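Trainee: So the protein sequences, as listed, match chains A and B.
Under the numbering used here, the residue at position 286 of the first sequence is numbered 357, and the numbers go up by one with no gaps.
Under the numbering used here, the residue at position 94 of the second sequence is numbered 103, and the numbers go up by one with no gaps.
It is worth saying that the hints were derived from the structure and are not from the lab.
Treat the hints loosely; a few may be bogus.
[What the hints assert, rightly or not] Quick list of in silico lysine-lysine cross-link-like pairs, DSS-like style, CA-CA up to 27 angstroms: (1) Lys594/A / Lys528/A; (2) Lys583/A / Lys431/A; (3) Lys205/A / Lys99/B; (4) Lys99/B / Lys139/A; (5) Lys634/A / Lys422/A; (6) Lys583/A / Lys430/A; (7) Lys256/A / Lys99/B; (8) Lys256/A / Lys303/A; (9) Lys303/A / Lys430/A.
The structure displayed is predicted, hence computed values, not measured ones.
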Amino acid sequence: MNNEGMTGGEALVRCLENQGIEYVFGLSGGAALPMFDALVDSKIKLILVRHEQGAAHMADGMARVTGKPSVVIVTSGPGAMNTITGILTAHMDSVPMVVLTGQTISSMLGKDAFQEADVFGTTMPVVKHSYLVKNTNEIPRMVREAFHISATGRPGPVLIDIPKDFSSGPFTGDLFPEMDLPGYKPDASDPDEDALTQIAAALSQSERPVILAGHGALIANAQDALLALAEKLQAPVTTTLLGKGAFPENHPLSLGMLGMHGTAYANKAMVNCDLVMSIGSRYDDRIIGKAPEFCKKAVRIHVDIDSAEFGRMIACHHYCHGDARVVIEHLLPLVGKLPTDPWLAQINDFKRKYPLGYKKRGGLKMQQILDSLDRLTESRAIITTDVGQHQMWAAQFCKTIEPHTWLSSGGAGTMGYGFPAAIGAAFARPDKQVWAVVGDGGFQMTMAELATAAINKLPVKVLILNNRYLGMVRQWQTLFYDDRKSGVDLEGNPDFARLAECYEGVKGFTLKRAADIDKVLQKAIDYNDGPCVVEAIVEKQDNVFPMIPAGAALEDMLIDEPKSTTKLEKPTGST
Amino acid sequence: MNTHVLQSNEAVVAQEKDKMMSEERTHTLSVYVANRPGVLARISQVFSRRGFNIDSLVVSPTIDGRYSRMTIAAKGSYDGLEQIILQLGKLIDVIHCIDHANDVSVIRELALVKIRVEAEARGEAFQICEHFGAKTVDLTDHSMIIMVTGHSDKVDACIDMLRKFELVEMVRTGKVVMARGEEIT
Ligand SMILES: Cc1cc2nc3c(=O)[nH]c(=O)nc-3n(C[C@H](O)[C@H](O)[C@H](O)COP(=O)(O)OP(=O)(O)OC[C@H]3O[C@@H](n4cnc5c(N)ncnc54)[C@H](O)[C@@H]3O)c2cc1C
Ligand SMILES: Cc1ncc(C[n+]2csc(CCOP(=O)(O)OP(=O)(O)O)c2C)c(N)n1
Ligand SMILES: [Mg+2]
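Work out the full structure, taking the sequences as your base and the hints as a guide.
Mentor: Shown next, in the form of structure tokens:
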């Protein structure tokens, strides 16, 4: 192809095309002009957002659904800084993303030039890797490396900061350069034989095993292998919040989610198991509770692609470094059916005794709405969530049975994530119904993207579970701070349905009575000419259970609301 | 390789191990890195984020101009440091990172010490220098600069002896380390 007369920005866009990029999410500005100019002549579709945080979450949503890095393009200074929350969110949850930021011209760097910010320095702790372009011709190598680094090994965001003189300067280099990454070994080699043999031996001794599947199992596309393994062993499977979808939650061996707000039966299974095998989870503090107590009598196994995770939260007996799918496939021939019948019977007992449930008395219950949503969508919709009570109830009540259909901000717990992530997911999967389940608090952090969804006529369905509180924080204040409410009352909320209808093509619905749940949700499902918003006015003071207070042992799970006379200690765990 | 077997029911052993793991020690890390912008910042962030102090840091060129060597001395618990080594190893520009235990590697350091010393006391200063194999590299009527090289313990001992004079200034290079024999640094 002819590179004659090409600018750095044009070379950049050409490289994105060569990576198979169809969409970029962004918002322009002075330092990004050459990049945006180059997009005019490209088949790549630019999705103009209303706030750069939205762009990063949209790219994140697209990446979680496709497994491939998605691209954000923004300007320097405030534009770049606005993406940081989104980059953090992707970084914490191992999501591949390439962020391209405009920068002031190179001769002005470090002089507090207009809209100059040290983006390379500021973002360093939240990226997998980053670049500051020093010369126009190195752009293609950096882009190629960025995509490679972002998507391989443990995925994560990579940032390229591009001074305007290089994006506008003449490009005379090679569009397909070699990568130069002597220190990067994402390690796709075969798993260690000894480790596999020992894990197989440990499994063969187990009568009460639990498989704990995490986000890494989804990243590895290990769902089929995992299903085969669980069925072969006859071992139950629980997942983390981010592992939802790695194992079908309608399967008899599924325990649903474990952890702080996991199902009681999953947590009971953890307390009673004799072996736990984590496949692609990082044993986060929200699942292990009090670390020294976690499965302390069980044989603990950790399979992960990132060996820096080994022993970081808890010590295990066996570690196996590798890709989740590859490890499971190597393990399958080494194992057989385990004598788990009594164990599965005990688990079924737990399921009968401690089912997920809710009381229908009182106001409209989030749980009931989510339960109905799950039923009406036959658990097949893509569900994104925001952060808070609604997120936990969605995790409990919306069964995830297909991989990559559950998107939630776990590690960062970023309010404002849900709606833009749904937009990204809707671009990636036009064949799927996409629901954003959000709180009244979090939605207001990124609701400006209603315009983005509207102009692109995306049939994203937003379910706002409006309890007029920053509910999850109110729950902690109620339980641990004598119900002394501080800064949680969301008085001043708008009428969300009417607000939505201010945007052309957006439909608003309001849901107030339990009897109307199915009718209203069905109307939303049937409206596909653009986005729609369902505002549900729900019970204000409901609390999410089961709950393991942060830092407590899984044994000390509160299965249901404690008696109002019980005074709970303030949690000792981080958050 | 990545398989450690914990003996169950040996709480005592585990406790001893915990104690050893959490004991503070000085470690000397050798980090071999690609010569790229930002690599020093990334490395120092790994330490600062975990609240580790770097005692000394030496960045130097290597035989191959594409790479640099960073020799980092830091105090901390073994398990804290182990995390740091793992995190350093994950940085894209780090080729490898090795914790050098004192016994299998050569550790050297150089210090320049300026002392205030008048003619009548010089003799004693020279004696100290001679004992430690140190050199005087500058001499005036009222001061001298002493250069001492060797293992950090020896450098410390020499400086301690020189404290009987007034120390005016001191500059130390920080440790450099090299693995002995066939081992790589
Ligand atoms: C309000 C709130 C409440 C929460 N409550 C809970 C809760 O009750 N239960 C719960 O589970 N979580 C909960 N979370 C989420 C929790 O904080 C963590 O984000 C989550 O547990 C992490 O899940 P993970 O380890 O599976 O995924 P990640 O954090 O994404 O980790 C993925 C792991 O997989 C590895 N990996 C990546 N690729 C591969 C591969 N190809 N092969 C093998 N391994 C790979 C990575 O190295 C990493 O170790 C909550 C979050 C919020 C905001
Ligand atoms: C950006 C951000 N700020 C603050 C928090 C702390 N936080 C966690 S949950 C929560 C309440 C969320 O309220 P809402 O969106 O209404 O959801 P609800 O819990 O009521 O369902 C808050 C403030 C956060 N996670 N993210
Ligand atoms: Mg709320």
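Trainee: Within a Cα-Cα threshold of 27 angstroms, do Lys583/A and Lys431/A meet the stated pairing?
Mentor: 14 angstroms, holds
Trainee: Decide if the proposed pair is consistent with the structure: Lys256/A and Lys303/A, CA atoms, cutoff 27 angstroms inclusive.
Mentor: Cα-Cα ~33 angstroms, so violated.
Trainee: Given the hint that Lys594/A pairs with Lys528/A, does the C-alpha gap stay at or below 27 angstroms?
Mentor: 17 angstroms, holds
Trainee: Need the status of pair Lys583/A, Lys430/A: alpha-carbon distance at most 27 angstroms?
Mentor: 17 angstroms, holds
Trainee: Straight-line Cα separation of Lys256/A and Lys99/B no greater than 27 angstroms?
Mentor: Distance ~9 angstroms between Lys256/A and Lys99/B Cα, so the pair holds.
Trainee: Between the alpha carbons of Lys634/A and Lys422/A, is the straight-line distance 27 angstroms or under?
Mentor: 23 angstroms, holds
Trainee: Is Lys99/B within 27 angstroms of Lys139/A, Cα to Cα?
Mentor: 21 angstroms, holds
Trainee: For the pair supplied as a hint, Lys205/A and Lys99/B, is the alpha-carbon distance within the 27 angstroms limit?
Mentor: 24 angstroms, holds
Trainee: Check whether the Cα positions of Lys303/A and Lys430/A lie no farther apart than 27 angstroms.
Mentor: Violated - the C-alpha atoms of Lys430/A and Lys303/A are around 38 angstroms apart, more than 27 angstroms.
In the structure shown, a violation is registered for the earlier hints numbered 8 and 9, in ascending order.
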